[in-house]
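*Asks:* Spelled out from the first residue to the last, the chains are:
There are 2 protein chains.
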Amino acid sequence: MEKVLVFGHKSPDTDAICSAIAFADLKKQLGENVEAVRLGELNGETEYVLNYFNVEVPRLVKTISNEVPAVYLVDHNERQQSADDIGKVDVLSVVDHHRIANFDTKAPLYYRAEPVGCTATILNKLYKENGISVPKTIAGLMLSSIISDTLLFKSPTCTDEDVKAARELEKVSGVEAETYGLDMLKAGTNIADKTAEELIHLDVKPFEMGHYTVEIAQVNVVDTNDALSRQKDLEAAINKEIDEKNLDLFLLAVTNILTSDSEALVLGKAAAAAEAAFNVKLVNHTAALKGVVSRKKQIVPVLTEELTK
Amino acid sequence: MEKVLVFGHKSPDTDAICSAIAFADLKKQLGENVEAVRLGELNGETEYVLNYFNVEVPRLVKTISNEVPAVYLVDHNERQQSADDIGKVDVLSVVDHHRIANFDTKAPLYYRAEPVGCTATILNKLYKENGISVPKTIAGLMLSSIISDTLLFKSPTCTDEDVKAARELEKVSGVEAETYGLDMLKAGTNIADKTAEELIHLDVKPFEMGHYTVEIAQVNVVDTNDALSRQKDLEAAINKEIDEKNLDLFLLAVTNILTSDSEALVLGKAAAAAEAAFNVKLVNHTAALKGVVSRKKQIVPVLTEELTK
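Respectively, the protein sequence lines represent chains B and D.
Taking UniProt numbering as reference, the numbering of the first sequence is continuous, increasing by one, and the terminal residue is 309.
Taking UniProt numbering as reference, the numbering of the second sequence is continuous, increasing by one, and the terminal residue is 309.
Next up, chain B with everything else stripped away, as it sits in the complex (with noise of 0.2 Å):
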């Protein structure tokens, strides 16, 4: 059977990275010529990951279409998330759990979304519906995965499903989930040697809301001062990713993984819907946004409602 590549989404996150993995050993236990790759460069969370389950880290590419003609993704559906050239090849399967937009096939395909926290929850039904253990390591990724996306199961994206496919992973891993997820998302919020520019970039995702471009990062800390001490280095930041896309709006979350809340700074033309989608006030181009960690569940939907009126 011909290669096929399976990656998740652009400035991949933990769960696009191990999803890729995880999804790559299931097709190729099951017979199939599946390669892992990914379209970024790794957050440190993600490095600390694969260094702990001493994985190879997956290939990087900027295109797809010069090496095969149909691709699996995880992690993500939208166009603008995915590989630049994803028109060019076909799209034979999505695992995925978020929401559906930007996205078409000219014919039939596998698609499995669920509206739970992690790729990797849906991944765990997988293996089982076909009959296949997870490997130890690969278990212990696939539950890196779901700590990175529930923020250790705080998250208001955390399902029971999540929680029950953690607990599983764990026994198979030989890991705890509790002790370990800390040291990983803690890795994560090591920011300091990082570029505003490279800090904005480091978890971002673009959108269409309505008629309006938009793009929406998010980076995890323990102390919101450790990013926003450099406010007047990333409002430059963001202002030339602005220009540079002729984005409509931006909106660098701040999440502090300890609390549970996040620190919104907002830039652009259509920055004032983050005020009404949020009913937040912007001071100095900031606003507390109290129990705010998912920007799937939390701020995606709220603010294309708002733009989209």
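Just so you know, these hints were derived from the structure itself, not from any lab.
Note that this is a predicted model, so its numbers are computed, not measured.
All clues stand as given, with none of them false.
Derived DMTMM-like pairs (lysine to aspartate or glutamate); straight-line CA-CA distance at most 25 Å:
#, chain 1, residue 1, chain 2, residue 2
1, D, Lys10, B, Asp104
2, B, Lys3, B, Asp85
3, D, Lys269, D, Glu305
4, D, Lys245, D, Glu235
5, B, Lys28, D, Glu129
6, D, Lys296, D, Glu208
7, D, Lys297, B, Glu32
8, D, Lys88, B, Glu306
9, D, Lys297, D, Asp261
10, B, Lys88, D, Glu305
11, B, Lys171, D, Glu129
12, D, Lys164, D, Asp183
13, D, Lys88, D, Glu67
14, D, Lys164, B, Glu32
15, B, Lys296, D, Asp90
16, D, Lys290, D, Glu178
17, D, Lys297, B, Asp90
18, B, Lys128, D, Asp160
19, B, Lys106, D, Glu208
20, D, Lys297, B, Glu2
21, B, Lys245, B, Glu208
For chain B, the structure is supplied; the task is to place chain D on it using the hints.
*Replies:* Frame of chain B, contents of chain D only:
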């Protein structure tokens, strides 16, 4: 829990009706308040099925947002094939076996698509995954869906999974697929009492292909002459549809369920695209499409390819 409506596409076929009924049954067994409804008139085949199993015809609805805030979709996802006001409700769940296009949501959802011949084949898995037994009557409806969509296992869309599901459903329903199936399919080919206008609307689906607006209708017969002897009337009805909806192309596939071939009647200013797509010459607006029985697998992809070049 608030009531949720579930329905298949406009111009419903047997799978659109029976999968809605089956999905409602599954959800009701899981404790939800769900009603199966339909977006259009039953065809002769589906009438035969509901009558055979003595199942009540689902209620006809024109709009949904006046009744419920959220819906489940089966057997379709494309906006133009769904309820007119689909944009005003939340789609919580989709079970389908078609391409994905013109579909988007604000929030994550449950989406289950597989490249199999019939929605009911996927529903058969969902019953199992949820640990719920398929009731005897529902098994008969699901078996009917599979027979209808795969033309009694002869369509190229039919997969091993469809055959396997059908064999399981035969046992549960106590119905023998081959005998029952031929009677059922023949019940759908009785078109003598239909006007030309009714005929082209029996099973018609709209598509957006690149910048072109296309409709593809299909009629099952046991002799293509049953339909094509009325070509002049059919052309008048099709040209009226083209004018009213400003279509670029209308393709009517008259499919002989005994020989598994189709005769295409193609009108509209983009009709030449059908010649290129199927590598045929239209003579008097018609062409024989040898071995073509599946709109989804053998018509939509090649026409889309041609019209998006």
